[in-house]
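Chemist: Spelled out from the first residue to the last, the chains are:
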Amino acid sequence: MHEHDTPDPHLPLAEDAGLTYYEQRVEAIQALLIEKGLLSADDVRRAVEDMDARSPAVGARVIARAWVDPHFKQHLLADAKAAIATLGIDVDTWSTLVAVENTPAIHNVVVCTLCSCYPRSLLGVPPDWYKSLNYRARVVKEPRTVLKEFGLELASDIEVRVYDSTADMRYLVIPQRPARTEGLSEEALAGLVTRDSMIGVTPAREPQK
Amino acid sequence: MPYQPGDRVRIRVATPSGHYWTPTYIQGKVGIIEAVHGAFRNPETLSYGGDGRPKQTLYLVRFDQTHIWAHAESAASAPFCQNDRLLIDIYEHWLEPAPPRVSKE
Numbered sequence: 479m480h481e482h483d484t485p486d487p488h489l490p491l492a493e494d495a496g497l498t499y500y501e502q503r504v505e506a507i508q509a510l511l512i513e514k515g516l517l518s519a520d521d522v523r524r525a526v527e528d529m530d531a532r533s534p535a536v537g538a539r540v541i542a543r544a545w546v547d548p549h550f551k552q553h554l555l556a557d558a559k560a561a562i563a564t565l566g567i568d569v570d571t572w573s574t575l576v577a578v579e580n581t582p583a584i585h586n587v588v589v590c591t592l593c594s595c596y597p598r599s600l601l602g603v604p605p606d607w608y609k610s611l612n613y614r615a616r617v618v619k620e621p622r623t624v625l626k627e628f629g630l631e632l633a634s635d636i637e638v639r640v641y642d643s644t645a646d647m648r649y650l651v652i653p654q655r656p657a658r659t660e661g662l663s664e665e666a667l668a669g670l671v672t673r674d675s676m677i678g679v680t681p682a683r684e685p686q687k
Numbered sequence: 109m110p111y112q113p114g115d116r117v118r119i120r121v122a123t124p125s126g127h128y129w130t131p132t133y134i135q136g137k138v139g140i141i142e143a144v145h146g147a148f149r150n151p152e153t154l155s156y157g158g159d160g161r162p163k164q165t166l167y168l169v170r171f172d173q174t175h176i177w178a179h180a181e182s183a184a185s186a187p188f189c190q191n192d193r194l195l196i197d198i199y200e201h202w203l204e205p206a207p208p209r210v211s212k213e
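Those sequence lines, one after another, are chains A and B. Residue numbering for the first sequence follows this note's numbering, starting at 479 and increasing by one per position. Residue numbering for the second sequence follows this note's numbering, starting at 109 and increasing by one per position.
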């Protein structure tokens with residue numbers, strides 16, 4: 479039989495090697511909870527579906543409103559959850575949220591060095607890099623080097639403020655509203671607000687010409 | 109709530125058994141209370157089957173990057189600059205009062 483250097487493309491896709499210790503433990507606990515009638519497999523499936531359905535669009539809507547409505551922005555900075563509730567968004571189950579504003583003089587960026595705390599309700603599932611040891615260890619120690627790797631170079635007189643959200647608070651960055659966006663609708667403005675700009679590693683998108 | 113915004117605090121140096129919410133890089137450093145977030149159940153007991161009481165006040169504490177890492181440069185290529193800051197949430201039982209800044213002899 480002929481030896482192949484690369485895997486045979488016609489082989490069926492193999493399952494990953496066995497479950498890890500923690501995967502086995504989670505499956506065992508879930509099986510017990512279901513067996514005892516405390517929750518159903520459908521409850522678990524629905525929770526995962528709800529989690530995956532969250533997206534940065536919710537956060538973008540909040541930011542766009544803050545850009546067009548100074549009163550809303552003040553409310554957002556003073557009490558983020560209460561302000562967001564006024565948009566008809568259900569915030570009951572959310573962690574306490576703090577909004578911080580980028581200005582020409584101050585640039586904010588968020589990390590969780592201890593794990594990967596993240597405002598999932600507003601931004602959805604965090605990107606892999608946010609959870610990586612590389613980002614978490616380096617952005618607190620060399621923020622400007624990390625921001626540069628994301629393509630953001632800031633003048634040395636701009637104050638970079640790194641928020642390490644290690645505890646019960648979640649942080650949302652309000653990026654600066656891009657120039658030449660005066661005529662845009664709130665919906666079009668929301669289209670300029672990216673996930674990464676709300677973490678603080680990039681500015682909001684420039685409008686298309 | 110013994111600390112107010114503007115107060116100088118030192119982060120305690122400790123290695124309690126189990127998980128704790130105060131990274132070692134900030135232990136022993138002196139910062140300024142930026143904001144008071146309110147009282148939360150203590151995750152250090154909450155996460156081990158306890159009820160997290162008494163609640164602990166959670167503070168946002170601000171540090172100069174130059175104080176934490178002690179190697180700032182002014183060039184735009186520096187890892188951080190003179191005015192850059194780090195802000196971190198710390199529970200009250202990790203804080204102790206820091207003496208006011210004294211000018212060096």
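Some hints could be false.
Unchecked claim - Capping the alpha-carbon separation at 25 Å, the derived lysine-lysine pairs in DSS-like fashion look like this:
(1) Lys619/A to Lys163/B
(2) Lys619/A to Lys609/A
(3) Lys559/A to Lys163/B
If you're looking for bench data, these hints aren't it; they were derived computationally from the structure. Just so it is clear, the structure is predicted and the values come from calculations on it, not from any experiment.
Chemist: Each hint: holds or not?
Modeler: These are the hints, each one checked on the structure:
| no. | hint | result |
| --- | --- | --- |
| 1 | Lys619/A to Lys163/B | violated (31 Å) |
| 2 | Lys619/A to Lys609/A | holds (16 Å) |
| 3 | Lys559/A to Lys163/B | holds (21 Å) |
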